[in-house]
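A.B. asks: For reference, the chains in residue letters:
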Amino acid sequence: ETGVTQTPRHLVMGMTNKKSLKCEQHLGHNAMYWYKQSAKKPLELMFVYSLEERVENNSVPSRFSPECPNSSHLFLHLHTLQPEDSALYLCASSQDRLAYEQYFGPGTRLTVT
Amino acid sequence: AQTVTQSQPEMSVQEAETVTLSCTYDTSENNYYLFWYKQPPSRQMILVIRQEAYKQQNATENRFSVNFQKAAKSFSLKISDSQLGDTAMYFCAFMSAYTGTASKLTFGTGTRLQVTL
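Chains as they are written, first to last, in this note's numbering: chain Z, 18 to 130; chain H, 10 to 126.
In case anyone wonders, no lab produced these hints; they're calculated from the structure. Remember, it's a predicted structure, so these values are computed and weren't measured experimentally. Backbone N, C-alpha and C fix where the C-beta goes; we use that ideal spot for every residue, glycine too. Errors might be hidden in some of the hints.
From chain H, some residues computed to sit far from chain Z (all C-beta separations above 12 Å) [claimed, not checked]:
{"no.": "1", "residue": "Thr-36"}
{"no.": "2", "residue": "Ser-85"}
{"no.": "3", "residue": "Met-104"}
{"no.": "4", "residue": "Thr-115"}
Below, in silico cross-link-like pairs of lysine to aspartate or glutamate (DMTMM-like), each with a Cα-Cα straight-line distance of 20 Å or less [unchecked claim]:
{"no.": "5", "chain 1": "H", "residue 1": "Lys-113", "chain 2": "Z", "residue 2": "Glu-101"}
{"no.": "6", "chain 1": "Z", "residue 1": "Lys-58", "chain 2": "H", "residue 2": "Glu-70"}
{"no.": "7", "chain 1": "H", "residue 1": "Lys-113", "chain 2": "Z", "residue 2": "Glu-70"}
{"no.": "8", "chain 1": "H", "residue 1": "Lys-113", "chain 2": "Z", "residue 2": "Glu-118"}
Taking beta-carbon pairs under 7 Å as the criterion, some of the chain Z residues facing chain H (in silico) [what the hints assert, rightly or not]:
{"no.": "9", "residue": "Pro-59"}
{"no.": "10", "residue": "Leu-62"}
{"no.": "11", "residue": "Met-63"}
Bound-form chain Z, shown alone:
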């Protein structure tokens, strides 16, 4: 596979469930990002990882827990979500944390019931 891949592409979960979103980049990049895309709102940056170290956390609720075990993989662990967390979650990567071009994955469409 090439570029940035995300699994699953669609996820429906109840408010008491625990699930994880996975992102993998095949570009040899060192920085990875999670964004939340809600209808009619700008993309919101959630987390930034550089060389597996979290360098940015934009006041995201603790029910979202990121994990970056290596520079190619990024996870977003979800637990006790709220219906307002339903959105498209996009993963992106860049060559390094200072690079201006980010490459995006196709996203995971999350629905919380």
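Following the hints, put chain H in place on chain Z, whose structure we already have.
C.D. replies: Same frame as chain Z, now just chain H:
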């Protein structure tokens, strides 16, 4: 904090025609980057074009060009000879050159462009 405003939620253009998407931004910084990203219905966001604020010349990429007006803080995208494959959401984005700990993109709310026959 920077803000990016796209005042056109939806636009439509006929195939082969030219369309211009508007974007304004607000920043107190002098050195930054501006981008247009395209998100087709399949949802993979891709970079269309970028502009460095220190460059006076407008960026061009094939049928895509920008009109960068730094004093007015305006950054519009012109698509010439529109094609059906140009149908997508278009996002304007800003990035400070002073990145601190990490590069951060600030996005607008997007413009949905429909290209029709």
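A.B. asks: Please go over all the hints and tell whether each is borne out by the structure.
C.D. replies: Evaluation of the provided hints:
1. Look at Thr-36 of chain H: its CB is around 15 Å from the nearest CB on chain Z, clear of 12 Å, so calling it non-interface holds up.
2. Chain Z leaves Ser-85 of chain H outside its interface by the beta-carbon criterion, the shortest separation being 18 Å against a cut-off of 12 Å.
3. Under the 12 Å C-beta cut-off, the non-interface status given to Met-104 of chain H relative to chain Z is violated; the minimum distance is some 6 Å.
4. Some Cβ of chain Z comes within 12 Å of the Cβ of Thr-115 of chain H; the nearest lies about 7 Å off, and the non-interface call is violated.
5. Taking the CA atoms of Lys-113 of chain H and Glu-101 of chain Z, the gap is about 24 Å. The hint is violated against a cut of 20 Å.
6. With a CA separation close to 27 Å, the supplied pair Lys-58 of chain Z and Glu-70 of chain H exceeds the 20 Å bound.
7. Distance restraint check for Lys-113 of chain H and Glu-70 of chain Z: the Cα-Cα separation of roughly 16 Å lies within the 20 Å cut-off, and the hinted pair is therefore satisfied.
8. Annotation: proposed proximity of Lys-113 of chain H to Glu-118 of chain Z holds, straight-line Cα distance about 10 Å (limit 20 Å).
9. The interface hint given for Pro-59 of chain Z holds, since its Cβ lies 4 Å from the closest Cβ of chain H, which is under the 7 Å cut-off.
10. Taking 7 Å as the C-beta cut-off, the interface hint given for Leu-62 of chain Z holds, the closest approach to chain H being about 6 Å.
11. Because the smallest distance between the Cβ of Met-63 of chain Z and any Cβ of chain H comes to about 11 Å, over 7 Å, the interface hint for this residue is violated.
When the structure is compared with the earlier hints, violations turn up for hints 3, 4, 5, 6, 11 and for no others.
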